[in-house]
Amino acid sequence: MRILFCGVGAIGSTAAVLCRNLEATLVFIDFDRVESKNLLAQAFVKPSVGKNKAEALKLQLLNLHGVKAEAFGVRVTRDNVAALCANADLLVDCFDNQASRLLLSDFARTAGKPLVHGALAADGTFGLVRWDERFVPDAEDTAGQATCEGGAHLPLIGQLGATLARVVQDFVKHGTRRDAMVSLVAVTPTAS
Amino acid sequence: MATLNITYNGLSSDLPLELDGHVSDGDVRRIALEVVRSGGAPGLHIAHLREDAFVHYVVDRFRGPRGDERIYLRPKVPFGA
Numbered sequence: 164m165r166i167l168f169c170g171v172g173a174i175g176s177t178a179a180v181l182c183r184n185l186e187a188t189l190v191f192i193d194f195d196r197v198e199s200k201n202l203l204a205q206a207f208v209k210p211s212v213g214k215n216k217a218e219a220l221k222l223q224l225l226n227l228h229g230v231k232a233e234a235f236g237v238r239v240t241r242d243n244v245a246a247l248c249a250n251a252d253l254l255v256d257c258f259d260n261q262a263s264r265l266l267l268s269d270f271a272r273t274a275g276k277p278l279v280h281g282a283l284a285a286d287g288t289f290g291l292v293r294w295d296e297r298f299v300p301d302a303e304d305t306a307g308q309a310t311c312e313g314g315a316h317l318p319l320i321g322q323l324g325a326t327l328a329r330v331v332q333d334f335v336k337h338g339t340r341r342d343a344m345v346s347l348v349a350v351t352p353t354a355s
Numbered sequence: 016m017a018t019l020n021i022t023y024n025g026l027s028s029d030l031p032l033e034l035d036g037h038v039s040d041g042d043v044r045r046i047a048l049e050v051v052r053s054g055g056a057p058g059l060h061i062a063h064l065r066e067d068a069f070v071h072y073v074v075d076r077f078r079g080p081r082g083d084e085r086i087y088l089r090p091k092v093p094f095g096a
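The listed protein sequences derive, respectively, from chains A and B. If you read the first sequence in the numbering used here, its first letter stands for residue 164, the second for the next number, and so on. If you read the second sequence in the numbering used here, its first letter stands for residue 16, the second for the next number, and so on.
These are calculated hints, taken from the structure and not from any lab test. Treat the hints with care, since some could be wrong.
Stated by the list, open to error - Incomplete in silico selection of chain A near chain B, CB under 7 Å:
1) L225
2) W294
3) E303
4) L347
5) V348
6) P352
Claimed, not checked - Covered stretches of chain B (in silico footprint by chain A; criterion: 3 or more residues with CB under 8 Å from a CB of chain A, positions within the stretch not fixed):
7) 40-48
8) 71-78
9) 83-93
Said to hold, decoys possible - Just a sample of chain B residues kept apart from chain A, beta carbon distances all over 12 Å, derived:
10) M16
11) N20
12) L34
13) D35
14) S53
15) G55
16) G58
17) A62
18) L64
19) R65
All C-beta atoms, glycine included, are put in the ideal place defined by N, C-alpha and C.
Next comes chain A alone, as it looks inside the complex (with noise of 0.2 Å):
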């Protein structure tokens, strides 16, 4: 099995790391470079800094026992979506930002790939982990709107990854496709 992590900064690498106990080839996908300041809220580590944030996941997890992983250090585009994702088994969105998203489930929707999205509110105090059958993005406030900053909101990233990774992991071992609703104070399953 091919488990797609299409970006990994705070929310995809949280969750990665949760699933390296799954028997698949974890691939991930990011054109992004590890900077400083994303130490505090994403799994890198300092002799990442400076690196495609794909590539230094993929280092890193290669150092544990038994994990299979691959890294594409690319922007996600309508020229390169079916390349990179036609040998997926799984999706899972953790872009930040809407238009990535809404070109990953576009591609989902016509390749019948299965696609689960994790995301973070601006303030960092509620989460939703939803499956792309149920897909529909909220609106945004203002144009280009923030989503949560640095590591301010590292306990709910923590948990939205972890509530993704049991989700992934329901997928892989069940074929169950659980939504579910995160905050600080609960994790409630929405729909299956």
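Using the hints, position chain B against chain A.
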């Protein structure tokens, strides 16, 4: 009987709601504002909650495992940007 769940500022509260018929999203926001201000939402009493506190919030509606109606008032998750 429906259940209204309100998530605000990292806290979350469930409260039972008697509904005669369909309640609009605007009504849900107004009800939530009154209940939170009055202390009717367990663990979520904010007497001076701003009038516009829930203006940009999303109303999600689900059916519970026994067919009961569950309404969630939650912050937007703008999926990035």
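Exercise. Would you list, in rising numerical order, the hints stated earlier that this structure does not obey?
Key: 1, 2, 6, 7, 11, 16
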